[in-house]
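Protein chains: 2
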Amino acid sequence: METQSDHIVRSYDEQLRRVRDMLARMGGLAERQVNDATVALVRRDAALAAEVIGRDAALDQLEREIEAFCIRILATRQPMAIDLRFIVAAMKVAHNLERIGDYARNAAKRSIVVGQQPILGSLNGFSRMARLVQENLKAAIDALVNDDAEAAARVWGNDEPVDDVYNGIFREMLTFMMEDPRNITAATHLLFIAKNLERIGDHATNIAETVHYAVRGDSLPDERPKADSSAYAVVRPPE
Amino acid sequence: METQSDHIVRSYDEQLRRVRDMLARMGGLAERQVNDATVALVRRDAALAAEVIGRDAALDQLEREIEAFCIRILATRQPMAIDLRFIVAAMKVAHNLERIGDYARNAAKRSIVVGQQPILGSLNGFSRMARLVQENLKAAIDALVNDDAEAAARVWGNDEPVDDVYNGIFREMLTFMMEDPRNITAATHLLFIAKNLERIGDHATNIAETVHYAVRGDSLPDERPKADSSAYAVVRPPE
Chain A
5 METQSDHIVR SYDEQLRRVR DMLARMGGLA ERQVNDATVA LVRRDAALAA
55 EVIGRDAALD QLEREIEAFC IRILATRQPM AIDLRFIVAA MKVAHNLERI
105 GDYARNAAKR SIVVGQQPIL GSLNGFSRMA RLVQENLKAA IDALVNDDAE
155 AAARVWGNDE PVDDVYNGIF REMLTFMMED PRNITAATHL LFIAKNLERI
205 GDHATNIAET VHYAVRGDSL PDERPKADSS AYAVVRPPE
Chain B
5 METQSDHIVR SYDEQLRRVR DMLARMGGLA ERQVNDATVA LVRRDAALAA
55 EVIGRDAALD QLEREIEAFC IRILATRQPM AIDLRFIVAA MKVAHNLERI
105 GDYARNAAKR SIVVGQQPIL GSLNGFSRMA RLVQENLKAA IDALVNDDAE
155 AAARVWGNDE PVDDVYNGIF REMLTFMMED PRNITAATHL LFIAKNLERI
205 GDHATNIAET VHYAVRGDSL PDERPKADSS AYAVVRPPE
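As they're listed, the protein sequences go chains A and B. Counting in the numbering used here, the first sequence runs from 5 upward without gaps. Counting in the numbering used here, the second sequence runs from 5 upward without gaps.
Just so you know, not all the hints are guaranteed correct.
One copy or any two copies: either way a pair holds, since identical chains are not told apart in the list.
Said to hold, decoys possible - Derived SDA-like pairs: lysine to any residue, alpha-carbon spacing no greater than 20 Å straight-line:
#1 Lys-199 to Asn-171
#2 Lys-199 to Ala-235
#3 Lys-199 to Val-238
#4 Lys-199 to Tyr-236
#5 Lys-199 to Arg-89
#6 Lys-142 to Ala-54
#7 Lys-142 to Phe-73
#8 Lys-199 to Arg-175
#9 Lys-199 to Arg-103
#10 Lys-199 to Val-117
#11 Lys-142 to Met-182
#12 Lys-142 to Ala-237
Simulated from the structure, these hints should not be mistaken for lab results.
Could you build all of it, start to finish, from the sequences and the hints given here?
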């Protein structure tokens, strides 16, 4: 026999499931933006870059919808314990995904300028970096959808290869600049694109951290292994 | 006569006031970090830069405390309407301030490298940018503490001068690089420091937007006036 209380509980579960679905959709779109921005860069495809720029508004809109829906759940359901942590986490993750979208859009903008400049090397590092951050992003969103704290902890510890590729690109770009001043505009934009990808990787890590907290209620260690040494990098011009 | 209910309400108000106090303290510390990171850069003061780097953990800790306290209020008080919006806004603003701290720390790290490289110009643009973003940050936090939606809207529309200075620095640094390859390391780090300051300005704007929403319950327009044209900038080497 179905009681009014069953009905309310089921509808509440449905609301929580809907939040998960919205986040999964937003995560998929964010992944696609990261992928397409990088493909636009590597293939010098300004039309694809323009598509990425145009699609970013959808991520902004999804963030607003998720936040508004979460606030409604807070106001009407007064969730407790794990549900409350999940709702707070959902708003944080939506914000991370919106930021990832901004970085992808910025990379796409810069790729248009890079495409009009001399070609600097293979840009393989960028494809590799994009693939790594997309994998982490996908794994983090899967961990969220499946309430999987262990998977989240694995993503959290998996940022180092991204930082390694980033540090390599940083030095490579400075070397291109020193070789020929005509490389400077492209190399500068490529540096910022690499930084965008690195920040996207950080956001994937942050999502994993948030998911772990939401499921377990306790935090991962204060400092994750972090290998971005580029802030201290010095590259010397050729003699 | 004091009733139990009066007591609970007063204690709830005290909790909300405590959130405001914590955010004001965090905002003050974030402002100081931005100021000191810039002073460390302009004066080539590595000891001050190291202080900024060391102090960043305090902002991380404050964010965690504010979030934990807000979640406790959500769980125990079930705030409604404006109070609920305020609590959600408080968590978002704490996150913005933590990010501002990260950018200040990163700028401080890079300032140490810049201080070991040839001097590039006066760095007046950096001082000006830092002053503008600090003013916006202070005004945004004041708007939060005073529930002042109009003041928040003013901050929100006030980001353009920051972007103008940033765009000027971007071109100036590329020109330094093109003049002499020995400038490239310093100019690259200075570009990223300028970007850090520009992002700090964005976060001040975001805080203002969040405050406006918390007080009024409706959003500011989708796109604020945004003049960062550096993503499309092309600078040519001297003939």
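Here's how the hints hold up against the structure:
Taking identical chains as interchangeable, the C-alpha atoms of Lys-199 and Asn-171 lie at most 20 Å apart whether they share a chain (10 Å) or sit on different chains (18 Å). Taking the closest pair of Cα atoms, Lys-199 and Ala-235 come within 20 Å of each other both inside a single copy (11 Å) and across two copies (13 Å). Proximity of Lys-199 to Val-238 under the C-alpha cut-off of 20 Å is found in both arrangements, the shortest distances being 17 Å within a copy and 19 Å between copies. Taking the closest pair of Cα atoms, Lys-199 and Tyr-236 come within 20 Å of each other both inside a single copy (14 Å) and across two copies (16 Å).
Proximity of Lys-199 to Arg-89 under the C-alpha cut-off of 20 Å is found in neither arrangement, the shortest distances being 31 Å within a copy and 33 Å between copies. For the identical chains of this complex, Lys-142 and Ala-54 are neighbours neither inside a copy (24 Å) nor across copies (36 Å), given an alpha-carbon limit of 20 Å. Taking the shortest alpha-carbon separations for Lys-142 and Phe-73, neither the intra-copy value of 23 Å nor the inter-copy value of 31 Å comes in at or below 20 Å. Taking identical chains as interchangeable, the C-alpha atoms of Lys-199 and Arg-175 lie at most 20 Å apart whether they share a chain (13 Å) or sit on different chains (19 Å).
Taking the shortest Cα distances, Lys-199 and Arg-103 sit within 20 Å of each other both inside one copy (13 Å) and across copies (16 Å). Taking CA atoms no more than 20 Å apart as the test, Lys-199 paired with Val-117 passes in both settings, with 16 Å inside one copy and 18 Å between copies. Taking the closest pair of Cα atoms, Lys-142 and Met-182 never come within 20 Å of each other, the shortest separation being 37 Å inside a single copy and 40 Å across copies. Neither within a single protomer nor between protomers do Lys-142 and Ala-237 lie at most 20 Å apart by alpha-carbon distance, with minima of 31 Å and 33 Å respectively.
The structure fails to meet hints 5, 6, 7, 11, 12 from the earlier list, while all remaining hints are met.
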